[in-house]
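Visitor: Fit chain W to the known structure of chain X by using the hints.
Residue numbers (our numbering), protein chains in the order written: chain X, 1 to 378; chain W, 1 to 378.
Don't read these hints as lab results, they were simulated from the structure.
No residue lacks a Cβ here, since even glycine has one placed at the ideal position from N, Cα and C.
Careful: at least some of the hints might be erroneous.
[Unchecked claim] Partial chain W-side listing against chain X, Cβ under 7 Å, derived:
| id | residue |
| --- | --- |
| 1 | Gln23 |
| 2 | Pro148 |
| 3 | Asp325 |
| 4 | Tyr335 |
| 5 | Leu364 |
2 protein chains.
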Amino acid sequence: MSINVAVIGPGGVGKAFLSQLAQYNKRSDNTYKLVLLARSKVAAYTDDLQEIAFDSWQSTLDKAIKPADLTAMLATLKTSKVPVILVDNTSNEAIAARYGEILDLGIHIATPNKKGFSSDLQAFKDTQRKAKGRGLCFHESSVGAGLPILSTLKDLVETGDTICKIEGIFSGTLSYLFNTFSPASAIDALKQGDDVGLPKFSQVVQVAKDSGFTEPDPRDDLNGLDVARKLTILSRLSGLDIASPTSFPVQSLIPEALESCESGDAFLKGLPDHDDAYGKQRAEAAQNDSVLRFVGSIEMATQQVSVALKAFPKTSAFAGLKGSDNVVAFYTERYGGLEGNPLIVQGAGAGGDVTAMGVLADVLKIGAIVQGRPGPGQ
Amino acid sequence: MSINVAVIGPGGVGKAFLSQLAQYNKRSDNTYKLVLLARSKVAAYTDDLQEIAFDSWQSTLDKAIKPADLTAMLATLKTSKVPVILVDNTSNEAIAARYGEILDLGIHIATPNKKGFSSDLQAFKDTQRKAKGRGLCFHESSVGAGLPILSTLKDLVETGDTICKIEGIFSGTLSYLFNTFSPASAIDALKQGDDVGLPKFSQVVQVAKDSGFTEPDPRDDLNGLDVARKLTILSRLSGLDIASPTSFPVQSLIPEALESCESGDAFLKGLPDHDDAYGKQRAEAAQNDSVLRFVGSIEMATQQVSVALKAFPKTSAFAGLKGSDNVVAFYTERYGGLEGNPLIVQGAGAGGDVTAMGVLADVLKIGAIVQGRPGPGQ
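Chain X extracted, bound-state conformation (with noise of 0.2 Å):
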């Protein structure tokens, strides 16, 4: 049986997502035919569905003339014979906002987009019940890109586990920012009150905008707002009704002096006046053996979510993350409820290779269960 795709935001993810599909393709049968393709103006597909060749689709999508109009894409997609996989490659609010009629005309969903997990409760819950219905809705890259992260909450929570505390660094800049500014091997030397050689906020807040690690506004990093979604989507799949990411405390990075900067430009020409106040929270942070990181926690016994910047002892699995790695530690009743020793992922949570990845075994995981397995006997 082949199973259509249907690909919605050709960006980077979109871009690696449909070189590793054609990829898979050729290393199996073909199983997956690409029927569909739309950025935010345009769309290309036939009312009966053709399949569009993965060598030719960058030239497919620029000839495209029909306009993205989602109600039409879905009414065409509707009249699929075999099922249809819709894979959202965006971050759009509007998209998500449809998940939930998109799953009642059983047509599986997979993507990294945040919002449709993270934005209001009872949408959410809608999309979820629906799930369970006619269509699927896989989104493990909406949290740690291609980690194992949903997967892994998923099988604990459906396994009958008790989730006692998630705690993690989900955001790949802000885990560079602090891996840089506090890391480990220079507890030693604050110690003794020298932070020669070491760098300033400010500093490192510009070589990760030079860089291209950062938002091209740094302050859409800093807010911790990107942080907190993925706090919700967490949250939300371990049983807490979580209304919406500013239902919570987030602490926000930025300098309440600097929030109503025009720019994000005039902003990092503000941020060395705060330098000092970053440097006293690292020196103290040494003088207990510890570093600084931007954490998100979940303490499920007191229902308490919170994003803030946090003292780690050295000796710690997030004290140790080397770039931009993201880390998530599970604390549960089977792995040994607070005290134990926690289930730990960790590695690259950003880029479009990784999250492509996440995507395509989200498909991969559809196309298994629509395909099914016969009985014995049958």
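Guide: Quick look at chain W alone, frame taken from chain X:
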């Protein structure tokens, strides 16, 4: 649709599995029906596969009089009108040798039994091929218990990532022995030549045995064969044709002079004579700011698979391991290759509850696939 479950092996893992499955059924819609229970000599089942109540499985099995004859059990399971999952909670080689035949019958398999995947290469390949046919075969818990190790490797390989290296600590017992014998916190003292207060190797083994952390004869852990079986599985799933767990270098931690001891007790009595040799290795590692860990490694470029005691720098994830945790690092092209930061999974890799959890997660994955989903318009 209901799914029939047949459970062989009601030991520690089997008991935990039955308890978890019973709880799952209560939380969901009683999808899973227990229809067969077997231990080494007897089996409880009826010719028409009547349901066995979860809350009285023990007394049902106690009263069982049918012989535990696999051929007869399979003949009956084959008549099931609904899908059947055989859960092999044993470490039995004879049952594992028949996985191919079981899959051919359209009976699905979920198991923590390493034997079916780490013994004869042709049997492994046969099982893998047949698991793409009518019957599905999942064995997450055969490596690292409930930790998402095999599912992660499968996602990496299936989505077309290139595995460069896999390295890890795959034995809870050997993890505990060396985390205790050679902790990172002892490096500074050892560099000064001071090992007062540090345990000798024989003491660590004795305490582990007394605490029930080792096999009855500790040599069954120290010979490295259990780790070699797990490495064999990981290598084969990565694409290497590994003939058997004894076809690559496996370092035994049993001093040659003690290999022929008649009993585990005689071995433990002789072990202190070798403490100096172990102590010397620990001191040498410390001179390089490193600790000793018993690791399995798979180098894909050179196809070299090995199990050995090696030194790791104190800043590595392996040096920071606690208790009896397992850890595995996947170095892949998408995660930066041999020089990049690997994808790491870490946590308890043994114990009835977490092993059973991995088996139940496999059962639920098989359940999702056999239940399938209708396509659009159906």
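Visitor: It remains to establish, for every hint, whether it holds in the given structure.
Guide: Evaluated hints:
Of the supplied interface hints, the one on W/Gln23 holds, with its beta-carbon coming within about 5 Å of a beta-carbon of chain X, less than 7 Å. Here the hint on W/Pro148 is kept, as its CB sits about 5 Å from the closest CB of chain X, short of 7 Å. At its closest, the beta carbon of W/Asp325 sits 5 Å from a beta carbon of chain X; the interface hint therefore holds under the 7 Å criterion. Residue-level restraint check for W/Tyr335 holds (minimum Cβ-Cβ distance to chain X is 6 Å; threshold 7 Å).
Look at W/Leu364: its Cβ gets to within about 6 Å of chain X, closer than 7 Å, so that hint holds up.
Going down the numbered hints, you'll see the structure goes against none, and every one checks out.
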